[in-house]
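Could you build the full structure based on these sequences and the hints that come with them?
Protein sequences appear in the order of chains A and B. Residue 80 in numbering that gives the first Met the number 0 sits at position 81 of the first sequence, with consecutive numbering throughout. Residue 23 in numbering that gives the first Met the number 0 sits at position 24 of the second sequence, with consecutive numbering throughout.
Warning: the hint list may mix true and false statements.
Said to hold, decoys possible - Sample of chain B residues with no beta-carbon within 10 angstroms of chain A, all distances over it, derived:
#, residue
1, ASP54
2, SER99
3, SER232
Claimed, not checked - Label pairs and their in silico Cβ distance ranges:
#, chain 1, residue 1, chain 2, residue 2, range
4, B, ARG78, A, SER136, 40 to 46 angstroms
5, B, ARG12, A, ALA23, 20 to 26 angstroms
6, A, SER136, B, ARG12, 46 to 52 angstroms
7, B, GLU22, A, ALA139, 46 to 52 angstroms
8, B, ARG78, A, ASN123, 18 to 24 angstroms
Stated by the list, open to error - Examples of chain A residues lying across from chain B (beta carbon under 7 angstroms, computed):
#, residue
9, ALA62
10, ILE66
11, TYR84
12, PHE87
13, GLY97
14, ARG99
Derived from the structure by calculation, the hints contain no laboratory data. Small disclaimer: the values here were computed from a predicted structure and weren't measured. We treat Cβ as the ideally placed atom computed from N, Cα and C, and that holds for glycine.
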Amino acid sequence: MTEAADVDRLLAHTKTMAGTAAWALDGRETVSRLAVSLAVDGVLSGLIFHARATRHTDPQRGACALILDRHPVQRLSILPDHEHYNPFLKTAPPNLRGLRLPAGRSRLHPWRLNRAWPRLSSDNLGVAESLDPEPSSFAAAIAIFLGLCAIEGDLPPPPWEPRLL
Amino acid sequence: MTLLKPIAFDVSRAVGAAVAAPEGVRIETTTLLPGGGVAAVSVRPAGESFVVSDDGVARSALLTLMVHDLAAADFRRGREIAEASGLTFDDDIFSLGDVSLAQLPAAVAFVADASRAWVQAVLDRRARRAERDLAHRTAERLKEMFPAAHVEPEGELMGASTKTHRFDFVMTLPGNRYAAFQTVSPVPTSIAATHLKFYDLSQVHPDWPREAIVESYSLWRADDLAVIAQVSSHVRDFAKPWLDLASLHA
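If you want it as structure tokens, here you go:
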């Protein structure tokens, strides 16, 4: 059974992308998604990188996450359109408890602040912190997250066709 | 697609009022409790910080919904909900102390949401318990009416989709036929599950009896009953005698 210490090791270990990553538009063609299986020492074992990006909004918004056995390990919300309140968990640093994170600023829900495994299905990485400085682009934000997850390789940028309406 | 201008619910005005009132304020949030009321949260100054509490609004909402007898499991669930957000749950009250001014909006949101989550959890648990109780009484009635019949609890029958469905009771009938009995409560999950099972079974064995058992017609909305009636041979009110059922096993 996987425990938090195992996730610590997995997170620190260099991971490589398996197969050719490509963004795919959803049924309504307003959001594109990407999923890549990640290999550790050349073996695929339930680790997946997920990302989604809006197609028409300006700025482009979305999120990416590292998933293990269908549960999130850590997540980055890129220019989210809604604010977020951190819970008042005693395990969170005092300066982050009850913190309001505004809309329009990218925020990271890191493993070190949400370190619990096995993860309950109701635990959606409640504790977040602002990503500072704000990444210069959507692609830059994803590159930062790949680095935080020790994932090697590059991804193509998601399709983006901003519209006024 | 039209892009809408985002307008956030402005809790800062309420927070400002809380700071200005030495005795505290009561904030009506936008969180809706099951039953229709809103989750109101009190904010009281305590020295340099604040205490945020629902003042037992969740328990009051449950009393309004005629839920008087809470079980130990309900209080345990309340504590779990509180712990998941770092709140406390004592004497049926969700609260948080030592809240700074900057933390007030988050505290108000989490306390209100804990109230909502607990009321919903208690109601869900009662619905599940009521279904189990109805199933138990249905078993006794079937045994009384058909002492010689083979009635299998949690019996499984395959539908037209080739999916195997589990019914509360499956009675073996003469001629390699079966009757499926399913207790249903007037909540969407129960209605949807029963509709799926009965519909799928009817598509492959339209002549097999599909008996839906409800506690009382009076507890149901007419349109919900109609949904179940469309896929059932009968929707039986437990409070009434099932005289015609005797012919089932003849």
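Hint-by-hint comparison with the structure:
1. ASP54: holds, 18 angstroms
2. SER99: Nearest chain A Cβ is 8 angstroms from SER99/B, so the label is violated.
3. SER232: The claim holds: SER232/B sits with its nearest Cβ about 37 angstroms from chain A, beyond 10 angstroms.
4. ARG78/B x SER136/A: 40 to 46 angstroms: Given about 45 angstroms between the Cβ atoms, the range holds.
5. ARG12/B x ALA23/A: 20 to 26 angstroms: With Cβ atoms ~44 angstroms apart, the hint is violated.
6. SER136/A x ARG12/B: 46 to 52 angstroms: violated, 36 angstroms
7. GLU22/B x ALA139/A: 46 to 52 angstroms: Since GLU22/B and ALA139/A have Cβ atoms about 50 angstroms apart, the given range 46 to 52 angstroms holds.
8. ARG78/B x ASN123/A: 18 to 24 angstroms: holds, 20 angstroms
9. ALA62: The hint is violated - ALA62/A has no Cβ within 7 angstroms of chain B, the shortest such distance being about 17 angstroms.
10. ILE66: Given a least distance of 21 angstroms, the restraint on ILE66/A is violated.
11. TYR84: holds, 4 angstroms
12. PHE87: holds, 3 angstroms
13. GLY97: holds, 3 angstroms
14. ARG99: Given a least distance of 6 angstroms, the restraint on ARG99/A holds.
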